[in-house]
Amino acid sequence: MKPRPSIKPSILRPRTNCTFSKFQNHHTSIRPAPSSSAAPYSTLKAQHNNTFTHHALPVIPRTPFHISTRSASHAVVKAPFSKLPLPQPLEKLNPPDDTYAPELNVPRKTPDQNRLKYLFQCGRAYIQFYKQGIANVRSTSKLAKTLRKKGGKDLMRNLTRAEWQIVKRSRADMLRLPPFGLIVIVLGEWTPLVALYLTPLIPEACRIPQQIDSKLRKAEARRQERLRRLALDAARLVARDRKPGAPMSPSAVRPAGVRPEDVDQLDYYTLLSLSSRLDAHGALWDRLFITPPKAWLKWGLKAKLEYLKRDDALIRRDGGPGSLGEKELKRACFERGINVVDVGESALRKELAKWFRR
Numbered sequence: 001m002k003p004r005p006s007i008k009p010s011i012l013r014p015r016t017n018c019t020f021s022k023f024q025n026h027h028t029s030i031r032p033a034p035s036s037s038a039a040p041y042s043t044l045k046a047q048h049n050n051t052f053t054h055h056a057l058p059v060i061p062r063t064p065f066h067i068s069t070r071s072a073s074h075a076v077v078k079a080p081f082s083k084l085p086l087p088q089p090l091e092k093l094n095p096p097d098d099t100y101a102p103e104l105n106v107p108r109k110t111p112d113q114n115r116l117k118y119l120f121q122c123g124r125a126y127i128q129f130y131k132q133g134i135a136n137v138r139s140t141s142k143l144a145k146t147l148r149k150k151g152g153k154d155l156m157r158n159l160t161r162a163e164w165q166i167v168k169r170s171r172a173d174m175l176r177l178p179p180f181g182l183i184v185i186v187l188g189e190w191t192p193l194v195a196l197y198l199t200p201l202i203p204e205a206c207r208i209p210q211q212i213d214s215k216l217r218k219a220e221a222r223r224q225e226r227l228r229r230l231a232l233d234a235a236r237l238v239a240r241d242r243k244p245g246a247p248m249s250p251s252a253v254r255p256a257g258v259r260p261e262d263v264d265q266l267d268y269y270t271l272l273s274l275s276s277r278l279d280a281h282g283a284l285w286d287r288l289f290i291t292p293p294k295a296w297l298k299w300g301l302k303a304k305l306e307y308l309k310r311d312d313a314l315i316r317r318d319g320g321p322g323s324l325g326e327k328e329l330k331r332a333c334f335e336r337g338i339n340v341v342d343v344g345e346s347a348l349r350k351e352l353a354k355w356f357r358r
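In the UniProt record's numbering, the protein residues as written are 1 to 358.
Some hints could be false.
[Unchecked claim] With a straight-line Cα cutoff of 27 Å, these simulated DSSO-like cross-link-like pairs (lysine-lysine) come out:
#1 K309 to K327
#2 K153 to K215
#3 K354 to K298
#4 K149 to K309
Don't read these hints as lab results, they were simulated from the structure.
Here the structure is a predicted model, which means the values were calculated and not measured.
When you get a sec, could you build the whole thing from the sequences and use the hints?
Right, here's the structure in full:
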């Protein structure tokens, strides 16, 4: 038997300039070889053990079968991209702020300031207010023109309540704009002194707060005077249009319970009572101390009830009366014959809620 040949250390030298260590997942980790040209077997074994201990954490094999995928029930569904944000309930009910009158900033008078100079500064502040108001009227008119194209033939179905109100109010303001613009050009800084007495000719976006408050107070005083005169003349009005067999005592009818199609069946007293509460006939009749004819009352009351019917339907559809802003709340109450002067917001909301519970 031939003797076993002795193993030289040079045989254990790796063929490449690196050492290989295999793991349980059959992945290979490559580590740089030591700088020495030769190493004993014990040294190589120790390096292998240290390398395995350092990478003891299991490594997930990178195979197609281990790729994480979501099931159909847990898949993330993205909403379709839209540049236009969806309107919220408040936006659907309340027109934007630039459709109202801008804020009026009148400077305060200092103790040592000349009165004439102060009045001139106030006039400039009012001119800035009117310029911004006219700009709001023009921008609202452009918006209303776009909304008319969007609404097509059925505005109530295709527009929100806020958009429908913008279209309606813009028409009246555009009719008032030419005479008001002429007044501003002629009078300049002295326009506020005349504008207070020409409120019907002033667009709503150009009315100062004193004008708005004065208009509301006059309208409520006129309503109370109409109802007072109606109570004094109730017997004569009932007898004027009383049908055979009908009672002589007048019956109170709430405006919230009357439909537009019921107007033709109402008697003269009820027509005048509802028209007085809803301000459906003009103030000229009161100044002349003339009772409007029955046909005129029917026409005005039917038009007002048609408007309120549409507005009620849009308010219910687009969020309810509780989502109305303060300005729209006061306006809605006034249009429905509810007193708003010196009345708190919570009380107005309760009264408007009663209207919608009819």
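inquiry  = So if I understand the rule, the pair passes when the alpha-carbon distance is 27 Å or less; does K153 with K215 pass?
reply    = Roughly 34 Å separates the two Cα atoms, so the pair is violated.
request  = Starting from K309, check that the Cα of K327 is at most 27 Å away, please.
outcome  = 20 Å, holds
request  = Mind checking the alpha carbons of K354 and K298 for me, to see if they're no more than 27 Å apart?
outcome  = 25 Å, holds
Holds or violated: K149 to K309, with C-alpha atoms at most 27 Å apart = 23 Å, holds
Consistency with the previously given hints fails for number 2 only.
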